[in-house]
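Same order as they appear, the protein sequences are chains A and B. If you use my numbering, the first sequence corresponds to residues 1 to 261, in order. If you use my numbering, the second sequence corresponds to residues 262 to 563, in order.
Check each hint, because a few of them may be wrong.
Stated by the list, open to error - Taking lysine-lysine and the BS3-like style, the derived pairs with C-alpha atoms no more than 25 Å apart in a straight line are:
1. B:Lys472 to A:Lys28
2. A:Lys28 to A:Lys97
3. A:Lys97 to B:Lys472
4. B:Lys388 to B:Lys439
5. B:Lys388 to A:Lys28
6. A:Lys97 to B:Lys390
7. B:Lys439 to A:Lys28
8. A:Lys97 to B:Lys388
9. B:Lys390 to B:Lys401
10. B:Lys555 to B:Lys472
Read the hints as simulated data drawn from the structure, not as lab findings. On a predicted model such as this, the values are computed, not experimentally measured, just so you know.
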Amino acid sequence: MIVSLYAPPRLSSRWFAVWQRNFLVWRKMALPSILGNLADPLIYMLGLGYGLGSLLPEVAGSSYVAFLAAGTVCASTMNAATFEALYSAFSRMHVQKTWEAMLNAPLELEDVMLGELIWAATKSLLSGCAILVVIFGLGLATSPLALGVLPVILLTGLAFAALGLIINALAPSYDFFMYYFTLFITPTTLLSGVFFPREQLPEAVQGVTQILPLIHAVQLVRPLLRGEVPAQAGLHVAVLLAITVAAFLVALVLTRRRLLR
Amino acid sequence: MQPLVVDSLVKRYGDFTAVDGVSFAVEPGTCFGLLGPNGAGKTTTLRCCLGLTAPASGTVRLNGLPVPESAREARLQAGVVPQFDNLDPDFTVAENLLVYGRYFGLADAAIRARIPELLDFAGLAGKEKAPLRSLSGGMKRRLTLARALVNDPDIVFLDEPTTGLDPQARHLIWERLKALTARGKTLILTTHFMDEAERLCHQLAVIDHGKLITQGSPQELIVTHIEPQVVEVFGEDAPRWAETHGPLADRCEVSGETAFFYCREPAPLLAALSSAPGLRYIHRAANLEDVFIKLTGRELRD
Numbered sequence: 001m002i003v004s005l006y007a008p009p010r011l012s013s014r015w016f017a018v019w020q021r022n023f024l025v026w027r028k029m030a031l032p033s034i035l036g037n038l039a040d041p042l043i044y045m046l047g048l049g050y051g052l053g054s055l056l057p058e059v060a061g062s063s064y065v066a067f068l069a070a071g072t073v074c075a076s077t078m079n080a081a082t083f084e085a086l087y088s089a090f091s092r093m094h095v096q097k098t099w100e101a102m103l104n105a106p107l108e109l110e111d112v113m114l115g116e117l118i119w120a121a122t123k124s125l126l127s128g129c130a131i132l133v134v135i136f137g138l139g140l141a142t143s144p145l146a147l148g149v150l151p152v153i154l155l156t157g158l159a160f161a162a163l164g165l166i167i168n169a170l171a172p173s174y175d176f177f178m179y180y181f182t183l184f185i186t187p188t189t190l191l192s193g194v195f196f197p198r199e200q201l202p203e204a205v206q207g208v209t210q211i212l213p214l215i216h217a218v219q220l221v222r223p224l225l226r227g228e229v230p231a232q233a234g235l236h237v238a239v240l241l242a243i244t245v246a247a248f249l250v251a252l253v254l255t256r257r258r259l260l261r
Numbered sequence: 262m263q264p265l266v267v268d269s270l271v272k273r274y275g276d277f278t279a280v281d282g283v284s285f286a287v288e289p290g291t292c293f294g295l296l297g298p299n300g301a302g303k304t305t306t307l308r309c310c311l312g313l314t315a316p317a318s319g320t321v322r323l324n325g326l327p328v329p330e331s332a333r334e335a336r337l338q339a340g341v342v343p344q345f346d347n348l349d350p351d352f353t354v355a356e357n358l359l360v361y362g363r364y365f366g367l368a369d370a371a372i373r374a375r376i377p378e379l380l381d382f383a384g385l386a387g388k389e390k391a392p393l394r395s396l397s398g399g400m401k402r403r404l405t406l407a408r409a410l411v412n413d414p415d416i417v418f419l420d421e422p423t424t425g426l427d428p429q430a431r432h433l434i435w436e437r438l439k440a441l442t443a444r445g446k447t448l449i450l451t452t453h454f455m456d457e458a459e460r461l462c463h464q465l466a467v468i469d470h471g472k473l474i475t476q477g478s479p480q481e482l483i484v485t486h487i488e489p490q491v492v493e494v495f496g497e498d499a500p501r502w503a504e505t506h507g508p509l510a511d512r513c514e515v516s517g518e519t520a521f522f523y524c525r526e527p528a529p530l531l532a533a534l535s536s537a538p539g540l541r542y543i544h545r546a547a548n549l550e551d552v553f554i555k556l557t558g559r560e561l562r563d
């Protein structure tokens with residue numbers, strides 16, 4: 001238990017019981033959940049990729065649908081982790097009071113939040129995997145190096161789950177999440193090279209937006225799907241890791257302020 | 262060892278002092294009641310005892326361990342029945358117990374072995390596979406009690422365990438709680454039902470405005486704080502009648518159309534009432550509710 005809001009986190013392996021709880025709920029509804037996670041990004045990827053793609057010459061050295069496939073993996077990972085850390089975690093924290101029940105057991109808030117963080121990343125990994133299967137099925141990626149996308153998906157999921165937990169800690173109700181989607185998630189999707197190469201953006205915008213986590217995910221995933229080793233891979237991984245750690249710590253302090261006062 | 266010792270506990274929210282210097286100690290195998298009106302500081306006191314919030318000052322020792330510093334270890338041997346239901350709606354009865362047992366680091370096999378016994382105790386035998394949504398309010402409450410026992414705790418905290426239940430369900434919960442103290446478990450109970458406190462608690466502490474006003478056994482509190490006999494007089498004319506006949510009792514209070522006469526010797530008052538045929542009255546022994554009203558007043562609390 002914390003004596004101060006800013007005490008360092010006391011992490012333990014108890015987070016796994018929280019993860020297991022969420023997994024057990026998910027297992028009961030796995031099929032509709034996977035289909036739900038898969039349908040939306042696939043419709044965009046195939047619709048835009050083949051529809052718009054037929055009007056376009058090669059984009060950044062590949063067909064538009066292959067270009068978009070990499071962006072779709074990243075964007076859907078972001079969305080899956082964000083939804084889980086906002087709506088689902090908020091249900092458990094605020095509506096169902098599941099977190100309260102956990103905190104009455106020998107779990108600390110750190111355990112609960114770490115369990116939620118890793119669970120949200122797991123869900124994004126599941127949805128990323130499903131899309132990856134389709135990408136392989138369509139022959140949009142052929143290199144075994146493309147499997148290197150899996151750890152990137154997990155890391156991207158962690159970063160967006162941690163950011164989502166900050167918003168979760170601040171939210172008075174579900175409606176609040178609309179601001180986050182409108183003001184952060186949607187611009188992020190458009191500025192990170194998901195639909196078109198970032199080089200099309202004005203240089204000033206390119207510079208300012210360099211900190212957006214999704215950019216780093218895209219810059220890792222796109223070359224991997226093409227079968228190339230990404231340039232500056234260490235830097236991109238480090239940025240995603242740093243965002244995860246920093247956002248998780250901020251979310252922990254804010255959630256302590258909310259629940260343990 | 263006393264399983265719970267609270268000393269000079271203070272908890273503030275800004276300028277508001279929710280708990281103001283509360284001290285008490287609980288003997289093992291007894292039921293200790295925290296009694297008080299809404300907003301008196303009962304739930305905040307419990308939260309401090311469990312290490313869910315850090316007090317401004319004062320100390321708590323739960324199961325011999327300092328809280329909040331060692332709350333995680335202390336809670337390993339504690340169970341909690343919260344005020345508001347927080348069972349997992351997506352799970353069956355057995356899954357609720359299994360998942361909760363994992364939070365204590367228990368192995369699945371050990372939890373599964375305990376489930377029939379727990380359900381039997383809670384009057385839910387054979388309900389393992391029942392989805393949570395199929396349970397009545399009373400059944401959910403009993404499942405919450407079973408869940409609080411999944412780790413076989415030495416001490417169980419119950420925050421208003423029977424609020425919102427029908428009389429049958431309340432009686433069943435009371436009987437189960439008595440069975441727990443009979444097995445040597447220590448119970449910490451908050452309630453504002455006086456009959457509940459009188460029936461279950463060996464020791465009571467009355468809290469109001471964050472302060473502990475008095476503590477003792479239910480009988481001690483009644484003997485110490487209140488005249489032994491009460492005559493309640495009802496009716497439109499009761500307040501006026503009380504104005505003239507008040508001196509026949511040691512103390513007289515009027516609330517709405519009821520006059521309460523507290524007395525050591527009720528005979529003169531009863532004689533006067535027999536010659537006032539328009540008034541209805543009951544004559545009874547003083548109870549905990551009389552003590553509670555005397556100590557915390559009659560005004561409504563929000």
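Hints versus structure:
Simply put, B:Lys472 and A:Lys28 have alpha-carbon atoms about 48 Å apart, too far for the 25 Å limit, and the pair is violated. The hinted pair formed by A:Lys28 and A:Lys97 meets the criterion: a straight-line CA distance of about 20 Å does not exceed 25 Å. The straight-line distance between the Cα atoms of A:Lys97 and B:Lys472 is roughly 29 Å, outside the 25 Å bound, and the hint therefore fails. Taking the CA atoms of B:Lys388 and B:Lys439, the gap is near 23 Å; set against the 25 Å cutoff, the hint holds.
Distance check on the hinted pair: B:Lys388 and A:Lys28 sit about 19 Å apart at the alpha-carbon level, within 25 Å; holds. A distance of roughly 23 Å separates the Cα atoms of A:Lys97 and B:Lys390; the hinted pair therefore holds under the 25 Å criterion. At most 25 Å may separate the alpha-carbon atoms for a hinted pair to count; B:Lys439 and A:Lys28 exceed this at roughly 38 Å. With a C-alpha separation of about 23 Å, the suggested pairing of A:Lys97 with B:Lys388 holds against the 25 Å cut-off.
Note on B:Lys390 and B:Lys401: the hinted pairing holds, with a Cα-Cα distance of about 14 Å set against a maximum of 25 Å. A hinted pair counts as satisfied when its Cα atoms are at most 25 Å apart, and B:Lys555 with B:Lys472 qualifies at roughly 15 Å.
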